[in-house]
Every structure is written in structure tokens, then in C-alpha cells.
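There are 2 protein chains.
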Amino acid sequence: MDSKKGMKRREFLKKAGVTAVAASTAFAAPNVHAKTKTYKWKMVTTWPPHFPVLGEGADDLAKWITEMSDGRLKVSVYGAGELVPAMQAFDAVSQGMVEMGHASSYYWAGKSPATQFFSAVPFGMNAQQLNSWIYQGGGQALWDELYAQFNLKPFLSGNTGVQMGGWFNKEIKSLDDIKGLKMRIPGLGGKVIAKAGGTVVLSAGGEVYTNLERGVIDATEWVGPYHDYKMGFYKVAKFYYYPGWHEAGSSTELFVNKSKFESLPADLKAIVESACARANISMLTHFESQNNKYLQKLVNEHHVKLKKFPDDVIEKFRTLSAEVIGEIVEKDPMSKKVYESYSAFKKDITQWAKLSEATFYDMNK
Amino acid sequence: MDSKKGMKRREFLKKAGVTAVAASTAFAAPNVHAKTKTYKWKMVTTWPPHFPVLGEGADDLAKWITEMSDGRLKVSVYGAGELVPAMQAFDAVSQGMVEMGHASSYYWAGKSPATQFFSAVPFGMNAQQLNSWIYQGGGQALWDELYAQFNLKPFLSGNTGVQMGGWFNKEIKSLDDIKGLKMRIPGLGGKVIAKAGGTVVLSAGGEVYTNLERGVIDATEWVGPYHDYKMGFYKVAKFYYYPGWHEAGSSTELFVNKSKFESLPADLKAIVESACARANISMLTHFESQNNKYLQKLVNEHHVKLKKFPDDVIEKFRTLSAEVIGEIVEKDPMSKKVYESYSAFKKDITQWAKLSEATFYDMNK
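As you go down the protein sequences, you meet chains A and B in turn. First residue of the first sequence: 1439, per our numbering; consecutive thereafter. First residue of the second sequence: 1439, per our numbering; consecutive thereafter.
Keep in mind that the hints were calculated from the coordinates and are not lab data. Incorrect hints may have been included.
No copy labels: a pair is met if it fits in one copy or bridges any two.
Unchecked claim - Each computed DSS-like pair below joins lysine-lysine, with the alpha-carbon atoms no more than 30 Å apart:
#, residue 1, residue 2
1, K1774, K1731
2, K1549, K1785
3, K1792, K1731
4, K1475, K1707
Can you make the complete structure from the sequences, with help from the hints?
Here it is, written out as C-alpha cells:
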């Protein structure tokens, strides 16, 4: 795409009789020649077009890259199904059909189970801790190593914050109430529910509401009050449980075709990286700033029953989560390597959090 | 500075007999003409040169702006005293002597008391909450309004995370132990200590260690384990208290001369804004990733006595903090306007935090 654009410019200049291109290499200003090269890149996503917060996060990211590069790297966003189906985004970018993808890395557990540790792990880290591990604690190097196997370069691009536990059509008083429960819950959380005797039903985002309404499922997890409100689940489920033990801060990612990323000049590489950091903090604060307003609407206007999972259910989920992760780590050396780094970092930052964040929240209840 | 640079280039081109500049406006690539203009900007800071984490954060920010703009906006960083003394950074940028400043906004309480609400407030918000208010909850617009009075445009550029309560040479068993205590604690926290009967001693960063060693002060607050370790306070104070009730997530800022900022082309404006967001998340995760390692060194290698302020002392600090803020808000209409927004947002996000972050930390102790 870029080379064609370059050719067009050269042809135009030839016709216009302007010899500026060769002359421009003698300019005093830095890299004027490199800057005249433009790129038109496509970003496919796993979200419906302009999906609230998540798809909007992809839109913002593309806009910022395009703005900062003054159009030299122009990124166009395609919602799920517009170019490729949601779950083919990874392959499409890996194979170079398009240059960028916006998703959450646990969607690619089928490619490599280790991908899951970069988005959400049951009883794992929250947004601030995950960011600390990836940006400063060795996480990015491991993620790079994993994705390089697929000719991809990953970046964090957003976070949901601590999620809710989900919507249920019956009360959960003990672990017995999970037995036989048909729940839509993907990933490692789903494996935990299955171990607890539940039946995990996979369904695409667009079908969850209908499945819950028709009784195909008894429960579903989703994100948090703001997003869940927009999905309308309060119309078809009575009980809204917290905490989101299964996703304490799920990240979204931008993955770029690695060969194409490496072909960019240094300024455009830095622009992509910085735009991702901005998108990361922007999405998290977007969710955080809206969640309470919608939580109050759900409770006060729609009379949703807000419930906390009983402590013994949470502790049982914790035990089962450790089993689920143990099984993955045992089978897959890359998962072992990644999880060792992840869990050591979590242990370390949790010790500090006891004096800092945990004490802060104790003081602000 | 920029116009001179522009002139030099034009002179160079004239001498070289190259007519490319005029011709370049006909280029097919977007805004090639605008891109040939370069800016050399200075960033003054309130930190000693390359000060750990905080000064390094300023260095990173300047590097990213320079990298992303491919040198078209080249930012050079000056530590405190290298161009102007630390506490003259605000005026130097306001008056256009230099273009940028890196500091923490509560340093400028003397210019306007409302500045304090954009960095740290006793019993105020933590980093994630402050970011949510400023980026998504109306905080940025108020900050812009306040700083526009000084011809400045502010951005968040970092955060320390929840701080420690400080270093003490005697145990704090009740509020009586604050009476007569000579403590180095600036800002609103200092006003609280004064109300509690302490004597607030102001001293520049470089003098705190010596003052503590010589008994000029009995106590000092600083940042957290990583930074405090580097300052060496463990050599001259026995007790290390938490939590940092006075600073639950102190932000740093970048302020830009507003007229100069507005003169930038849109791409460079977007580059400055995105670089600040990246610097914000980078500094917080830098502190967060290192704090526990240094906390363990302090406790295990240097036998520092780690203590939590008694609950009744914390509650008394809370009452006094409300009084201190009440007095400011009563006198200054801009402080009233800003604090109303700040405190409404804090109340809102705290309701959500009860189900999310607070429950997360309860589960991870």
C-alpha cells in the first residue's frame, strides 16, 4: 500500500516537473524524505462496529495514530465481520492480510494457552498491577516472545477495570447452586465453572441476551455496570453478582503484523506505542467514570438485586482456579514461563498493596 | 526559537538555490510544508537533574515528544536550578521564558489554592480515581480554566501511587504525639499537622536528610519505599509509617505556555498530549513495580520499624483535613468550584469501588 502511494507521488512529481524529491535529501530539517512516505493501514477488531467503550477505544486509537502522524500512518478501523469475522482477526494480522488487530489476548487461547495471562486470569491482577507487570516487570518481553511466533507485535490498548461477577436467574447461596447451571463464561473462568459442576455455553456477544431470555442459559458474565446496562441484561436476569473473581482487570490489546511494524520509521513506531498507552488509560478511566451512574440506574430504576458471592463460594472458585491454571502450566512450557513471571510479580506487588491501595480502600468505604 | 530555525532553513535553501519549499505546497503528501517547521523547546522542572523516577519521568516525556515528532519538536530538559530555581518554573513558563514545565500542581498553591486539587488532597482520590476525574469526569476542563489565567495549558504527566505516611523519630500512639512534633510536610497535609499541634518545617528536598539527622525536624513525609530508600532516610529515622493519608496518589504535571502550545500544528499538539498520557502510566507503574523490593530491603536489611498510624489518629486527621479544605473553599471561589467537582466525583467512584477495587483488595491480602 505504502509503496504504491510512494509511486503515485513520484509519478505526480515527474509530471509536474518538480525535482524536489531528490533535492529534499539535502534539506536541513531531519528526515524530510522519510516523512513523505505514507501508509494506509487497516485495523480489524473483535468488536461490533463502534461498540461502546471497547470498539470506541479502537476508534480512538486509530484516530490518535492518524492525527499524530499527520496522516502519514492513516489507520482505518473495521468492526467484527466488516472485513473478517471477529475470531479471524489474529490470523488476518499474522498473515499480513491487514496490518493491525484490536482484541483481548485471551481470545487466542486456541493459538497458545499462554495468551490468556496477558488479559485476564481468575484471581489474577487488576489493571494497575497488570500494567505494572507488562510495562515495568518483564511482561512485555514475554508477550513479545509469545506473539513473535505468530509474526505479531502486541501492545496493551485498554482495560475494563475490575469486572462484575455476572447476571444470574437464581441466587447463588453455595457451590451447589453452580451445579447444573448453564452459564455463558469464556476462558479460564469457564473452566472453573465447569469444574464446579456448571455447564459452560459459548455464545457470541449478540446472542447472549436472547439466550438468557429464552433460558438457553441461566447466567452470563459480561463486563461491568456501564457496559452491561447497554446490553440490557437487567431486563432478563434478576441477580447481579460481584466481585468479578474471574476478571479483575481485563486488558485489550493492539497487535501489529511484526514485519510491517518493523518496516515503519522510528517516529511512527513511537507514535503507535504512545497511542496505545494513551488508549489504555483512556479506556480504563472511561469505564471507571461511568460505572457507578449505571450501577445506580440498575439498582434504583430497574430494581436489580445486587449480591456478593458468598465467601466460601469465592474460596472454592479460588481453589478451582489454581487447579485450572496448574493444568495449563503443566502441559505448556510457554505458559509455565509466563505464569511464573506473572505470579511472582503478583505476589510482590500484593505485599506493597497491603500498605498502599488496600489500606486506601479500607479508609474509603 | 521556532521562527529563527525557520529562517535559518530558508536562508540555507536560498543559498543552495533549491526552490523546493514553495514547490512543496503542491505535494500530494499531507501538510509537507507545515512539517518542515521545527521547534526547539525547553522544559524546566522542579526536580534535581535526572532525579529518580520523577526527573526520569520528565526525561522520558521529552524523549518521546522528540522521537514521535522526528525532531520537529525537540524538547530539552533542565533540572531545578539549571535554568531557573525549582519554584520559579511556573512563572518562567507562564511568561514564555521557556515553553514547558514539569512539576506537581500543588507546588503552585501560592498562585492559586485551587491548584492543589489537581495533584493531592488529604483523604482524596488515588491515581486511578484522579485519572478518571481528570480525563473523563470534567477535571481537565476545570484545570484548563484555572491554568489559562496564567497563560498555561496543563496535562497529567505521572503519578506516585499511594504514598507512605512518612519517617518518624518517635512512635505515634495517639494524636498527643503530634503535638510539638517538628515535621517536614508541605501543602494541605502540613496544614493538618499544624492543626493537630505539630510544627511544620519547610525544607527543600536536598536538606531533608540533614535536617532529620541533626534534629531540626523529628519527622518527614516523602514518597514511597523506592524513592525514600534512594533518599537514605532509613539511616536517620527509625519508624516508617503508613498509610499516606495526605497523598493517596500525587500526580505530576506538564504545563505548557498556552500561546506557544496553540501555535503548534495539530499533529504536534496530539503528540504532546499522548506523550503525557504515556508518561502518566509509565511513572505510576515504575513506582508500583519497584516499591515492594525496596520495602523489603528497608525492613529486612535495614531493620526499619514499619507501623500503621492508629485508626483514631487517622480519623482525627480526616476531620482536620475537612476543616482545612473547608477554609480554603470558603475563601476562594475557584477552589470551591473545583472541589465541588472533585468531591462529587470521589463520592461517585467510591460507591463503585466498594464492589470492584475494594473487594479485589479484600480478596488479595
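Hints versus structure:
1. Taking the shortest alpha-carbon separations for K1774 and K1731, only the inter-copy value of 23 Å comes in at or below 30 Å, while the best intra-copy value is 41 Å.
2. For the homomeric pair K1549 and K1785, the shortest alpha-carbon distance inside one copy (28 Å) is at most 30 Å, but the shortest distance between copies (43 Å) is not.
3. Taking the closest pair of Cα atoms, K1792 and K1731 come within 30 Å of each other both inside a single copy (29 Å) and across two copies (14 Å).
4. Taking the shortest Cα distances, K1475 and K1707 sit within 30 Å of each other both inside one copy (14 Å) and across copies (21 Å).
Of the numbered hints listed earlier, not one is contradicted by the structure.
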